[in-house]
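Undergrad: For the record, the sequence lines run as chains L and Z. Take any residue in the first sequence, note its place counting from 1, add 1, and you have its number in this note's numbering. Take any residue in the second sequence, note its place counting from 1, add 37, and you have its number in this note's numbering.
Keep in mind the hints are simulated off the structure, nothing from the lab. No residue lacks a Cβ here, since even glycine has one placed at the ideal position from N, Cα and C. Check before you lean on any hint, since a few could be wrong.
[Claimed, not checked] Now the stretches of chain Z that chain L is said to cover, found in silico as 3 or more residues with beta-carbon under 8 Å:
no.	segment
1	248-255
2	262-268
3	311-317
[What the hints assert, rightly or not] Here are the in silico distance ranges between beta carbons for each label pair:
no.	chain 1	residue 1	chain 2	residue 2	range
4	L	Arg126	Z	Leu182	34 to 42 Å
5	L	Pro72	Z	Leu49	35 to 43 Å
6	Z	Ile57	L	Asn181	53 to 61 Å
7	L	Pro72	Z	Ser208	57 to 65 Å
8	Z	Leu49	L	Asn139	27 to 35 Å
9	L	Gly22	Z	His364	52 to 60 Å
10	Z	Gly342	L	Asn139	41 to 49 Å
11	L	Glu55	Z	Ser208	40 to 48 Å
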Amino acid sequence: MSLLNGRALSLSRGQRPILKGVDISLQPGEMLGLIGPNGAGKSTLLRILAGVIEPDAGELTLDGQGVESLPHQARARRIAYLQQLSEIAWPMSVERIIELGRTPHLEPWQSVGDEDREIIDRVIRQTDLLAFRDRAFNTLSGGEQARVLLARALVTEPDILLADEPVSALDPAHQLDVMNLLRQHCESGHSVIVVLHDLSLAAHYCHRLQLLHQGTTLAEGSSETVLNEKNLADAYDIALTKANGNALKPTSLPWRRLHKDE
Amino acid sequence: MIAAIRQHRLMLSLGGAIVITALLSLTIGSQPLPLMQALQESFGEKPGVYSLILTELRIPRTLVALLAGASLGLCGAVMQSLLRNPLASPGLVGSASGAALGAVITLYFGVAGLFAYALPLGGMAGALLATLTAYLLAGRDGGTLTLILAGVAVNAFALALVSLLLNLAPSPYAVQEIALWMLGSLANVSRNELWILLPGTLLGWLLIWRQGRPLDLLTLGEETASSMGADLPNLKRRLFLAVALAVGSAISVTGAIGFIGLVVPHLLRPLVGYQPSRLLLPSAMGGALLLMLADMGVRLLPVQGEIKVGVVTSLIGAPFFLWLILHHRGRGV
Numbered sequence: 002m003s004l005l006n007g008r009a010l011s012l013s014r015g016q017r018p019i020l021k022g023v024d025i026s027l028q029p030g031e032m033l034g035l036i037g038p039n040g041a042g043k044s045t046l047l048r049i050l051a052g053v054i055e056p057d058a059g060e061l062t063l064d065g066q067g068v069e070s071l072p073h074q075a076r077a078r079r080i081a082y083l084q085q086l087s088e089i090a091w092p093m094s095v096e097r098i099i100e101l102g103r104t105p106h107l108e109p110w111q112s113v114g115d116e117d118r119e120i121i122d123r124v125i126r127q128t129d130l131l132a133f134r135d136r137a138f139n140t141l142s143g144g145e146q147a148r149v150l151l152a153r154a155l156v157t158e159p160d161i162l163l164a165d166e167p168v169s170a171l172d173p174a175h176q177l178d179v180m181n182l183l184r185q186h187c188e189s190g191h192s193v194i195v196v197l198h199d200l201s202l203a204a205h206y207c208h209r210l211q212l213l214h215q216g217t218t219l220a221e222g223s224s225e226t227v228l229n230e231k232n233l234a235d236a237y238d239i240a241l242t243k244a245n246g247n248a249l250k251p252t253s254l255p256w257r258r259l260h261k262d263e
Numbered sequence: 038m039i040a041a042i043r044q045h046r047l048m049l050s051l052g053g054a055i056v057i058t059a060l061l062s063l064t065i066g067s068q069p070l071p072l073m074q075a076l077q078e079s080f081g082e083k084p085g086v087y088s089l090i091l092t093e094l095r096i097p098r099t100l101v102a103l104l105a106g107a108s109l110g111l112c113g114a115v116m117q118s119l120l121r122n123p124l125a126s127p128g129l130v131g132s133a134s135g136a137a138l139g140a141v142i143t144l145y146f147g148v149a150g151l152f153a154y155a156l157p158l159g160g161m162a163g164a165l166l167a168t169l170t171a172y173l174l175a176g177r178d179g180g181t182l183t184l185i186l187a188g189v190a191v192n193a194f195a196l197a198l199v200s201l202l203l204n205l206a207p208s209p210y211a212v213q214e215i216a217l218w219m220l221g222s223l224a225n226v227s228r229n230e231l232w233i234l235l236p237g238t239l240l241g242w243l244l245i246w247r248q249g250r251p252l253d254l255l256t257l258g259e260e261t262a263s264s265m266g267a268d269l270p271n272l273k274r275r276l277f278l279a280v281a282l283a284v285g286s287a288i289s290v291t292g293a294i295g296f297i298g299l300v301v302p303h304l305l306r307p308l309v310g311y312q313p314s315r316l317l318l319p320s321a322m323g324g325a326l327l328l329m330l331a332d333m334g335v336r337l338l339p340v341q342g343e344i345k346v347g348v349v350t351s352l353i354g355a356p357f358f359l360w361l362i363l364h365h366r367g368r369g370v
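The task is simple: from the sequences and hints, build the whole structure.
TA: Have a look at this one:
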């Protein structure tokens, strides 16, 4: 049985349909890449899965149980959502912001305990944020801020992490770090749905891809199945160039982090 | 850990300052009050003039300043955190202007003179009605900007109606009565006002109790907060009602008192690491302290009659707020 299952999810804004009966499923330990051109409905689908917006029609189940029947906090413990653009209202410290990720595990009268503190410390190390933990969030660069927000989602230790373009503000090295962290999250038995624009990263890291186009699923399966010339032409209106396929114009793609693999 | 120690120190300092200011507030006034003698008289067989001043005037006045100031400071912190906007004041969604309109209506139609509770009850009804209107205008799922705009519209309409009533007032005496009430004062506060203030204030505070954590989550944005378990429609409803009750009760008794709800959270926010949940209690304490100090200040000023406390808070608050903006602008906060 799938961990998360969405059936015929539809949503319109006024007369404009955004999602037109999309199916989606996620297995335990799986990393699913949602790809597609701008306006395909990827972020909207992710927001529906996160429970931030409700679909006009369709059904969403978690372990076979309707998601809408779960209390807010119980759902938040199992599904974490990393927003595409997040503006922090107050210049709180990095550590305080990451700490907020433990909120779904705390009762209203509880504060962060030793066990929570251990998880927070581990994630701060994993995300390479030790040097920034006392800094105010607004003094960090865009890439550093993106890592803080990822750390905030990781400390929740969710069964499912939904990440909307988590690498779009990062340099190539940190893009690979973030993708590796998402993979690690999967390897520890959890699942990830990640929206990506970088098709090479999607092919390299995701177990499975789902290509959305104009609110419907155009293709779904392994990267070899999905990323073919026809699908990419239909969805993106682009022609495909294989890496190193043209000796005169070699294509450079970030593929692996050198110093960490040594 | 260090943050927790710093927070405790801040609360202890504010608590100590409140106790000292409250004791001083009992002794200061047109008639200096020997506190020990007044206390002895109060517990003696035959109450004297000092005990009457203490129990009928000074204690109610001090307690009303403490409670109303605390409500303004607390609700300022709540509104700024809820709307994620440092310029939000407790009255932004209509509670203060609604209370003013409700109270002015009772003054205009002469109902205020019929029984003691008429004016504050009118004020509270106005605060609740104005807040409800702003809430309904913004809609159940209204975003922050929609809420602020709805509040601005309701405030503008309520203040326009107040102006209309001033314009149509039947006599110069009525105009003066309305205008003086609107300046905000604790001069004529008695035990009655304290009892009127208490229920709405306590109920409002109770509704805010333990809502700090969802306010912390709102720092990350509405969608993220919602995905992390915050029930935002319920939170907004609850906090709007709380602010309407607490601020409505305060303004109904004291008249319009500006800037406390805006300035106090600003002043204290850096001291609590900018975290909304840690700001609530210190803001309440800071508001109480500031209003008590301002009220003591108006009693000490060597002028004929007494300057209204609402005038003093605005006179101090506005330049201070300007200084804060200039101070923070350089730091990019």
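Undergrad: Evaluate each hint against the coordinates.
TA: Checked hints:
Given a C-beta distance limit of less than 8 Å, the hint that chain L covers the segment 248-255 of chain Z holds, as 4 residues qualify and 3 suffice. Counting residues of the segment 262-268 of chain Z whose beta-carbon sits less than 8 Å from any beta-carbon of chain L gives 6, enough to reach three: the coverage restraint holds. With a cut-off of 8 Å between beta carbons, the segment 311-317 of chain Z has 3 residues touching chain L; three or more are needed, and the interface restraint holds. A beta carbon spacing of about 39 Å between L/Arg126 and Z/Leu182 agrees with the range 34 to 42 Å that was offered as a hint.
Separated by about 38 Å at the C-beta atoms, L/Pro72 and Z/Leu49 satisfy the suggested range of 35 to 43 Å. For Z/Ile57 and L/Asn181, the Cβ-Cβ distance of about 58 Å falls inside the hinted range of 53 to 61 Å, so the restraint holds. Evaluation of the 57 to 65 Å hint for L/Pro72 and Z/Ser208 yields a pass: the beta carbon distance comes to about 60 Å. Here the CB-CB span from Z/Leu49 to L/Asn139 is close to 30 Å, well matched to the stated 27 to 35 Å.
Checking the proposed 52 to 60 Å range against L/Gly22 and Z/His364 shows it holds: the Cβ atoms sit about 55 Å from each other. About 48 Å separates the C-beta atoms of Z/Gly342 and L/Asn139, a value consistent with the hinted range of 41 to 49 Å. At roughly 57 Å, the beta-carbon separation of L/Glu55 and Z/Ser208 lies outside the given 40 to 48 Å, and the hint is violated.
Going through the hint list in order, the structure does not satisfy hint 11, though it satisfies all others.
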